[in-house]
Structure formats: structure tokens, C-alpha cells
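Colleague: These are the residues of each chain, in order.
Number of protein chains: 2
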Amino acid sequence: MNNTWEEEIQNFLNSNFGFRTEKIDLYKEALTHSSSGLLNNQRLAFLGDAVLKLIIREHYFTELPDWTKGRLTSHKCDLIETDENYAKIASNLNIFEHIKLGGTYNNHRDDANNTTVNAEAFEAIFGAIYLDKGFVETKKIVERLNRKIPFL
Amino acid sequence: MNNTWEEEIQNFLNSNFGFRTEKIDLYKEALTHSSSGLLNNQRLAFLGDAVLKLIIREHYFTELPDWTKGRLTSHKCDLIETDENYAKIASNLNIFEHIKLGGTYNNHRDDANNTTVNAEAFEAIFGAIYLDKGFVETKKIVERLNRKIPFL
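Residue numbers (our numbering), protein chains in the order written: chain S, -15 to 136; chain X, -15 to 136.
Treat the hints as calculated values from the structure; they're not laboratory data. Honestly, I wouldn't trust all of these hints.
If chains are identical, the list can't say which one is meant, so a pair holds when it fits in one copy or spans any two.
Quick list of in silico lysine to any residue cross-link-like pairs, SDA-like style, CA-CA up to 25 Å [stated by the list, open to error]: (1) Lys84 - Arg55; (2) Lys123 - Ser19; (3) Lys12 - Pro49; (4) Lys117 - Asp94; (5) Lys60 - Gly21; (6) Lys123 - His43; (7) Lys7 - Leu56; (8) Lys60 - Leu22; (9) Lys53 - Asp9; (10) Lys124 - Ser(-1); (11) Lys132 - Glu47; (12) Lys84 - Leu56; (13) Lys60 - Trp(-11); (14) Lys60 - Phe(-4); (15) Lys7 - Thr52; (16) Lys53 - Glu(-9); (17) Lys72 - Glu121; (18) Lys124 - Asn(-5).
Using the sequences plus the hints, can you model the full thing?
Modeller: Now the structure itself:
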């Protein structure tokens, strides 16, 4: 089962982001919901949230050189860096079907397929990609993802 | 006057961060308060805020492997990533004396030496360093600064 999950994650990474990883444990952690135990995706989501924030801010900083800080914040970033938006991309990538849930969550998987669970997994995956590939490569992966599933 | 300011900024960067820059305009922008005109440090502060957030989060993510997301957020990051804290470091670095102010601000420089003006300049300088040196080098500069003026 574990080997199957690992292979499933490798395929997920390869088909969505164009790479296979040598640090599979990072992605298993990123895809483990907090219902499943103490080693879950919360810490990676904490990191990934900041990774995405910097990439998104730099994207708009560069793309919109005439916009003020206030406009960039309220008309762009505040609308993009939301659980709803991240969950929408997660849903497009079918992230939820790879998430490991525990206890009652696992007995009612459909109910657990909500905005928070999806958004956290999305942030956590980008925390994992950042630790695996570094910042510059992660930025390229986000920009490629944005060409495939426009979200910026 | 402009040459003097440029030389002053180069000396500031060299003595505090150990480098001189070939992109002086970035740092002039980072040190220009919004009272001084449309090209000011607000946009760089918007970027630098996210640069610092990621560096600080990764620092604690790595240093405190057993801490939960909630504890990392409320007992560390929420206390570190504040205007007050950034202004304190800015004050330690005497950033304010290099800031270009406009109009009444410039006529009452002492009154303008407040938390917001200092914190914005601090964030903006790290926005400039990031664009000048890239993420990995900026992270090293923050860690070096933290050994000199502990703030993490």
C-alpha cells in the first residue's frame, strides 16, 4: 500500500510538475492530513504559504510596474492568496485523491474534500517542492502551473 | 548631493551587509519615503515583506522541528514579523539617517523617525537585496544580520 502511494505521488508530481523526486517523504508528509497523526502536512503548509506569497508578490511586482502597493495588495494578492483559490487549483490537480486521511475523516472521504483540506495540501506541496528543489526552481514550477491552470 | 547619497548608501550596505551594489537605483528607491514622490519604497516594501516572511518561517521550520504550525505561528512568527520588530532593527542599523523624505516630513525629520517609516524602509531594503542578489544570498544576509543583531 505504501509503495503504491509512493508511486502514485511520483506520477502525480511527474504529470503535473514535470519531475520525479528523490525526497518522497517530503511529499508523503505534504499529503498527510492532520487527522492521520502527528506527522502531518501542517508545518509544510506553514512554509508553503510563505513560498507562494513571495512568488505571487514578485509575479505582480514585475507584471504591474505602475501599480501602487495598495492596489497590488487589495486588487491582486488579497484575492489570489486565499484558501478558496488554492483549493480550486488543488481540485483541478485532483490533489485530494492522493491525500492520506485518518479516523472518521477516512470513513467519510467525500465530506473531507473541502476547501481547507485542499488548500492546506496545496500549500504543503509547495512547501515540499521548495525544500526539494529550492526557490528558483519552485518559482519556475509555479509559473508553468499558471500557464496550464491560470490562477494569477 | 545625489552622488553623496549614493556613496552613503554604498557605505551603509558595505558596513552592514558586506557588499557594494551595482544596482544603486534599487536602494535609492528602498530609501525613498512616500512623502518624497511617486517613485518611493512602498512597492519594494510589499516585496520585501514577503521575502522576510519566507526567510523567517524557514528559519523556525528548521530550528524547531518539533513545534506545531500553530505554535510556530503564534509564539514565533506573529511576534517577529511586526513593524515594531523591523523598526527596532532598522534603528540599530541607523537606516533612518539615509532615508529621503519630502515636504513637511523633511522639515521635521525627527518627527518622521517613527515605527512605520523605519519598518517600511527595512522591508524595502530586503526587497531591493532580493532583486539585486537573489533569494539564496538574501537568506545568508538575513542570517548574518541575525548573528550581529539578534532578532530571530
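Colleague: Now look at each hint and say whether the structure bears it out.
Modeller: Verification of the supplied hints:
no. : hint             : result
1   : Lys84 - Arg55    : between (39 Å within a copy, 23 Å between copies)
2   : Lys123 - Ser19   : neither (30 Å within a copy, 34 Å between copies)
3   : Lys12 - Pro49    : between (39 Å within a copy, 17 Å between copies)
4   : Lys117 - Asp94   : neither (32 Å within a copy, 46 Å between copies)
5   : Lys60 - Gly21    : between (36 Å within a copy, 23 Å between copies)
6   : Lys123 - His43   : both (9 Å within a copy, 20 Å between copies)
7   : Lys7 - Leu56     : between (35 Å within a copy, 24 Å between copies)
8   : Lys60 - Leu22    : between (35 Å within a copy, 20 Å between copies)
9   : Lys53 - Asp9     : between (38 Å within a copy, 18 Å between copies)
10  : Lys124 - Ser(-1) : within (16 Å within a copy, 34 Å between copies)
11  : Lys132 - Glu47   : within (18 Å within a copy, 36 Å between copies)
12  : Lys84 - Leu56    : between (36 Å within a copy, 24 Å between copies)
13  : Lys60 - Trp(-11) : neither (36 Å within a copy, 34 Å between copies)
14  : Lys60 - Phe(-4)  : neither (29 Å within a copy, 34 Å between copies)
15  : Lys7 - Thr52     : between (40 Å within a copy, 22 Å between copies)
16  : Lys53 - Glu(-9)  : neither (44 Å within a copy, 28 Å between copies)
17  : Lys72 - Glu121   : within (23 Å within a copy, 34 Å between copies)
18  : Lys124 - Asn(-5) : within (19 Å within a copy, 35 Å between copies)
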